[in-house]
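Spelled out from the first residue to the last, the chains are:
4 protein chains.
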Amino acid sequence: MEPGRLNAITDVEGVGVGHSTLVEGESVRTGVTAIVPHRGNLLEEKVVAAVDLFNAYGKSTGLPQIMFEGVIETPVMLTETLNTWRVADAVLDYHRERLGVSPGSLNPVVGETNGGFLTDNIGRHVGRREVFEAIDAARSQTGRGVVAEGNVGGGTPMTGYGFKGGVGTSSRVGGGFTVGVLVQLNCGSKEDLTVAGVPVGREVRLPEAPPPSPGNSIMMVVATDLAIESRQLWKVAKRAALGLTRTGSYGGNKSGDFTIAFTTGKREPETRSGGDGFLSPVYKATVEATEEAIVNALFKAETMTGFEGHVRHALPLDQVEEVFGRYGRPLQK
Amino acid sequence: MEPGRLNAITDVEGVGVGHSTLVEGESVRTGVTAIVPHRGNLLEEKVVAAVDLFNAYGKSTGLPQIMFEGVIETPVMLTETLNTWRVADAVLDYHRERLGVSPGSLNPVVGETNGGFLTDNIGRHVGRREVFEAIDAARSQTGRGVVAEGNVGGGTPMTGYGFKGGVGTSSRVGGGFTVGVLVQLNCGSKEDLTVAGVPVGREVRLPEAPPPSPGNSIMMVVATDLAIESRQLWKVAKRAALGLTRTGSYGGNKSGDFTIAFTTGKREPETRSGGDGFLSPVYKATVEATEEAIVNALFKAETMTGFEGHVRHALPLDQVEEVFGRYGRPLQK
Amino acid sequence: MEPGRLNAITDVEGVGVGHSTLVEGESVRTGVTAIVPHRGNLLEEKVVAAVDLFNAYGKSTGLPQIMFEGVIETPVMLTETLNTWRVADAVLDYHRERLGVSPGSLNPVVGETNGGFLTDNIGRHVGRREVFEAIDAARSQTGRGVVAEGNVGGGTPMTGYGFKGGVGTSSRVGGGFTVGVLVQLNCGSKEDLTVAGVPVGREVRLPEAPPPSPGNSIMMVVATDLAIESRQLWKVAKRAALGLTRTGSYGGNKSGDFTIAFTTGKREPETRSGGDGFLSPVYKATVEATEEAIVNALFKAETMTGFEGHVRHALPLDQVEEVFGRYGRPLQK
Amino acid sequence: MEPGRLNAITDVEGVGVGHSTLVEGESVRTGVTAIVPHRGNLLEEKVVAAVDLFNAYGKSTGLPQIMFEGVIETPVMLTETLNTWRVADAVLDYHRERLGVSPGSLNPVVGETNGGFLTDNIGRHVGRREVFEAIDAARSQTGRGVVAEGNVGGGTPMTGYGFKGGVGTSSRVGGGFTVGVLVQLNCGSKEDLTVAGVPVGREVRLPEAPPPSPGNSIMMVVATDLAIESRQLWKVAKRAALGLTRTGSYGGNKSGDFTIAFTTGKREPETRSGGDGFLSPVYKATVEATEEAIVNALFKAETMTGFEGHVRHALPLDQVEEVFGRYGRPLQK
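Read top to bottom, the protein sequences are chains Z, R, A and S.
Residue numbers for the first sequence follow my numbering, so the first one is 7 and each next one is one higher.
Residue numbers for the second sequence follow my numbering, so the first one is 7 and each next one is one higher.
Residue numbers for the third sequence follow my numbering, so the first one is 7 and each next one is one higher.
Residue numbers for the fourth sequence follow my numbering, so the first one is 7 and each next one is one higher.
So that you can see chain Z by itself, here it is in the shape it has in the complex:
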């Protein structure tokens, strides 16, 4: 299937992404990313949503209510594990101060992965300022809707397959629909990394064996424009884990593998006959876009030094090109 114009989650019309990245001194390498289905007040104009808990080792907030009500009412925030609750709390502040509403109840959706290898996570440096910056950026995203990838936003300190990980995005366009995926990649072991079927992780050499990270998770956010219901969107969300495993992960026990999906609901399916059969290409698009979003995170992330002098090396792209040649595939990317 073909990617959209930007090959990003923002190919789904109306979706905005904003990052706030915090790199200070030797120990702070963190941030937060906001994804909005539209630029309005979500609490007033909720969108249909769903959640897949493939391996729910993680601290995300807001997921149970999505499972029952089938909607989200705040931006989806992605950040570092120990900042989860401060980010959720600041989303409430955002409503008061930026949107002028004081809801007596609110269901902030915050996903997280553990960046403690490169950042002083117990310091919980992500606060109101960063949350406001990320949501503002997401809601006002202009022009081409390009999404920065790699060491940005919530992905700043993350590790993927022993290499520098972080944020990645991709999209696929099918007959009458678009699917976009954004991931915050922080899982996997070097020897498992597979790119387009090629065992890149085993073939590529690093200066040293990558030291293990304290965390090992991935947050996957799936957006589409199809007018489907939450139960159907849940089945779409379940396919993101399939895209993940195609890059090599087998869902290690402490890998929090969460998928949050929403739809802007702007396009009617071309056909609804045959039950949910029309969803099959949407599943395929989700698998492909998730796989590529993960690869994009690895391709865009750069080597980073952080907390306690820890170093995480970027995936060496020159070696990848050489490996692809040996495996009968010219690298186009």
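Worth double-checking, as some hints may not be accurate.
It does not matter which identical chain is meant; a pair holds if it fits inside one copy or across any two.
Straight-line C-alpha distance at most 35 Å; calculated DSBU-like pairs for lysine-lysine [to be verified]:
(1) Lys196 <-> Lys272
(2) Lys52 <-> Lys196
(3) Lys52 <-> Lys272
None of these hints come from the bench; they were simulated from the model.
On the provided structure of chain Z, position chains R, A and S as indicated by the hints.
Same frame as chain Z, but now just chains R, A and S:
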């Protein structure tokens, strides 16, 4: 079935409960309650746990990980909706400052109900001080293990069936096991209240029809001492919703009806033959203890005036006694 | 809330119920019940459906596919445990022989409870003839749509709370919707039976303590006419277990407590604003109709003698009337 | 990870597999496969089990009870869709006639995929004789425990990725445990087939584009010897879908992707510290063994002609070898 010595969740050996209650000025009526399965460091000595989402309209944190890992690693905290995330964040502080550990990952379990009728909830007045006080109290609970009920801790501003609600607890002792339940009651409509089968809500008169609350939820915490696995404990947890409905609730759509269960695992079941058949009396104990915990919350709560002058009346016990007489039941309680 | 005209599941327009009852010799006391959402070919005109597994100790067929696809494509059949698979197989025959289609795939929905106390269940006497008869009757139900209750169809050999159980039905009409429930009652212990809050089971005397049944389950079928989606209908289905517990059951471990719900989808909700909030009265209707359907099964069933001379006594209605008097309630039923 | 001695599910000690294959005339190409965790009476000696419903488009019986009770009490049977209920019914006969017990309740576990492309499935040719033969064979499997693959048992008429599919098996041995997987492969499109990362489906040529099958599903059975509980085994079961997707499937909407897992429970995990962390290599073993079981099904199945003259071609292994060469991988298999 018979209650334990205290008719409280603390009849389960090792379990401690602590409240921090915050009543200040005219607008602050809030607090937080901590329940600990034992007084040690839970992060080091996790206990088996399970969750039932009967109607997951709510913001509780920490539940997905319990579903997958089958353990809890922090105290169970109950508070007011908008304080959820600050409480979760403060639980991490507690680990650093009281327990001397700086975990790079932690799964705080916080349940909530919406107390905005009687307290200025958007002010989020529950913070580190209250969280520390509640956990300290729970861990050091001495003597008879009596649990304060009614307008205390997380239950301070809550409403139950149009009357003043809050915290209630009860227990049942079976052959070789104890079940204890603690609830934070904030759900139901006056006309639905049923006590021991008697339609108390319809019969009792208040000075005025109770104004609706913004929230409508209940948190139920079930503790036992049986050495059972998480899957079995999940089936126990599911029975709490049955106890709830016997007091009249039918699980209104915005009623977040959550049950969190844990076991200290100190007693072997007398028999394990016949699969899970030995659980049936544990289910019955859970239904009964939940039903009575809810009634106890109503019987112990006192009339409260709070935010914006709102008043919530206590259940008039003299009228209850009279109604019981008419329905052929002398009131023993 | 008020019942519909018939106080039966057939108050939901289009719904038909048919029984085939098999009482032969001393050992055969069995049958099958069919419930159809409409009289057409369901495989061509599927209806939205949902399932709640409150306690899935049971052999029902067809439920997983309903959970994922959100529809049913065959009548809902209720029968005796060991006949489950023959009934499912015969539903396929029905399609070939009565509907003239030979589907290469079909998802028959069959619920069951264990009637081995009064019938030779291992003989599996329910076959094609009975299945055809029940479905034909359901599809051609004319006139007043009255549903026979008690010792009929799948409910023929069943036990409820130690008394003779079987089929019961009831309905409730709300603002713009109807909910109908039909149960096949086979669960509960005498001492737990509660009718309208009165502990009837403890008060009523039988000639002998009721011997235990081998089985202990209930199938609950909920029908509505509201145009809602499967996720919403699932939340409706979850309320049936609440109605069950109001009659005294606490969901014993071997009690298979299943709910299958479907909607004819003929009426638009009067409002959809506020998310799923409009469902609350539908929940209440479901709780009430389920509670009454169970009571109706007990009130209509008659004493039966069957397999190996086992006797199951009907609930003695004269005693019930007297008990109600003592508990301050004139019996209207 | 390394396969076991047989590279089959029977590498898990005690596990037996038996097939009954029915190839008659031009239209009957069907059968049934039985898998037993041990050769005793399972109803007396149940084993711990779990189920993953990745995409529950299917008619399998017995799954809900496994989810709640965490055990299986019959062999796991795999057959053709429309034979599901006759097979379940015959499993009961087997208990009466071979095991000498007449259980009043039994939970037969039958998985299915749709073989209507090559067999007259509406004829439902699999009956008592075949069920008895398969279970007898599984229970008496002697000597080396070799498992026939390809066009055998329940897999006889099945299709995989547009090629001839059927039964495949594989195993992996880890530190202190064995995982074995057996699949009945009937899903996927030719263009999606991926073997060890190589896009074999797109590269291989067939005499004609493979006509679509009416069905599109896979049954995956996972066996292990680790003494773990049902909740943990469920997480193991979830990994089978990851192995599936590595061969190219993205879980099309009508693909019933079911996993049934059981454990003989004969080996204690080497360590239980760190919660469920010890499961990670078990997950990896499951992903790998599932992926290879699917490939083995394709490599062993032979071209078949059946119902209405339909032909399904075997995967052309010579072409596969050539393709592997071009993609930098000598084929060892």
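Cross-check of the supplied hints:
Taking CA atoms no more than 35 Å apart as the test, Lys196 paired with Lys272 passes between copies only; the shortest distance there is 33 Å, against 40 Å inside one copy. When the C-alpha separation of Lys52 and Lys196 is checked against a cutoff of 35 Å, the pair qualifies only between copies, where the shortest distance is 31 Å, while the shortest distance within a copy is 40 Å. Within a single copy, Lys52 and Lys272 get their C-alpha atoms as close as 13 Å, and across copies as close as 26 Å, so both meet the 35 Å cut-off.
In this structure, every one of the numbered hints holds.
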